[in-house]
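Participant: Please construct the entire structure, taking both the sequences and the accompanying hints into account.
Going down the list, the sequences are from chains Z and F. Take the first sequence: its position 387, counting from 1, is numbered 386 in numbering that gives the first Met the number 0, and each next residue is one higher. Take the second sequence: its position 139, counting from 1, is numbered 138 in numbering that gives the first Met the number 0, and each next residue is one higher.
Everything labelled a hint here was simulated from the structure, so no lab data went into it. Glycine included, each C-beta is placed from N, C-alpha and C at the ideal position. Each hint can be trusted.
Derived lysine-lysine pairs resembling PhoX-like cross-links, with alpha carbons at most 20 Å apart:
hint, chain 1, residue 1, chain 2, residue 2
1, Z, K323, F, K25
2, Z, K394, Z, K30
3, Z, K37, F, K139
4, Z, K405, Z, K395
5, F, K139, Z, K33
6, F, K51, Z, K210
To spell it out: a stretch of chain Z is covered by chain F in this simulated footprint if at least three of its residues, at any positions, have a beta carbon under 8 Å from a beta carbon of chain F; those stretches are:
hint, segment
7, 30-42
8, 199-213
9, 329-335
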Amino acid sequence: MAKTTYYIPVGPIHPALKEPIRVEAEVEGEKIVKVDVKRGFAHRGIEYMGMKRNAIQTLYLSERICGICSISHPYAFVIGSEKALGIEAPPRAQYIRTIIAELERIHSHILWLGVIAHEIGFDPLLFWTWKGREKVLDILEAITGNRINYAMYMIGGVRRDLKESHIKALRDMITYYWEFTEHMKEVFLSDPVYKARTRGVAQLSKEMALKLNVVGPTARAAGIRMDVRQDIPYDAYADMDVKAIVPQDIVGEARGDAYDITMVRLYEIEQSLDIIEFCLDNLPEGKILAIPNYVALLNKIKKTEGEAIGAHEAPRGEVIHYLKYDGTRDGPAVWKVIAPSYNNINSWAPLLLGAEVADIPVVVAYIDPCMCCNDRVAVVEDSSGRLLDYSYLHKKAVEKTRKLEKELGVRR
Amino acid sequence: MTLTAEEILERLKEKLGDAILNYEVKEYKMGVKRPRTYQEIWMEINRDAFRKAVEAIFEIDYPHLHFIAGEDVGEALTMIYSFGVFHSHPWGEVSIVMKLDLPKSNLVLPTITDLMIGAETNEREIREMLGVEFEGLKNKRHLFLPDDWSEGKYPWRRDEYGVEDMIKHTHKSVREIRKQRGEQNG
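Facilitator: Structure (structure tokens):
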């Protein structure tokens, strides 16, 4: 029988992903034989814009690179700027920055857990996890004034202080999430269908992960103990010994599949709670800005020649900013941003090869892609001219889950 | 086992010799209650020794590629490569930042995708943003820019190949633009 391949474009608009990207797959029956990923649908030339603005404007522009990691880019930017300018943030500010960054990790990880549950057809789980996520968003709103785009960081400190009421609310939140995470662990990790649906899907070996240059939970799930907070610590992370969470420490071996990455993310929520608690217990007193006058700060930047790398471990992985101040402008002369999805999307093509069409949503979602950071799968036409859109793919993914449920004898 | 920045630098000097034009070991202090330091190596190298330098880094430890960036400095482009070696060791990661000047008459560099396939993304981006050709790069399609992007236009260039004439001047007032065009107000 002659083999026919069908061309399946997914995206650029795809409901499972919050942002546009296109995956073009060639399939033979259910099996994917060729993949091409097209990025750039959300490229707005933010680096170009940043090189035309002053450093404080660029700092808040960097916050708009991504809504979900809206603290990660400013964090890398302020760390890099402080290294280049030779200023140090006051101790209290360093601790507050770490607390905000960890709050963001909690909400981002819970968001991902909801998305992956939706991708494989567990919609009640999506609503339940996102309901739990509201608590941390409320806290962020109470502290910073916003649910996203917090405008909290400044080169050399933070713009808002933590009040006693915030600290009390944070402690309440920690108690709440210890319980909630325990519950989530039970739901996700012990469920036989979830396990069957994610074990072996999107499996990345350690060697492959290194070669593809992936970062963050994607790399850690493959067994690489890589975490910026541990490798080159900064701020309050430098005072505690953060340890990268890898599956081999939890269950003895790392397989690097979607199940492992779920595990890594769940345990990282608990790690974040520990970090926030440490910061609250050891929160230093004092001022929150090294140079409170922004005009003086811009003047200092204008007179400084220097370059540095700022790195931060965002929820999805390492964010790196390279900055160069040339001593003539009050903004960066060169600004290069590398976001985690920039590297993590490298894993799609090799992972999709040989996978089934029903696995596309899982593979695409498992790295928690962020297109505005970087810059999904497409509409498919098969040989008879039938259009296969995302809802079809989603249906396939859900069907596979239901089939597994039946096979495993799980009743709903 | 990890090596310190000085030890790594010694090894690189052995391999590259005179090709290292300039170097500096930068040290950064981090932490409030228990301040500790980590180091970064910043070096400028001769462009002909680029491939050898990358191979030398890969021999020390399989690195993590932080970024590839570039700056238009007039006659030449300064390329900046940053690799992190000994990542996954607490306080042990050493960033090796390599800079090399590429004259605009010969904007060609060997690819590193044969050593690290993940670098394809970075090289494709630099190729479309700065116009540097990578010898041996297989996939040369645009990464972020649209497929119908004008030939010979590179957004990060500051010379006639730049995009200054393609952008809308939203930061200029209508009055300024009219004045520039020689139009009359009103």
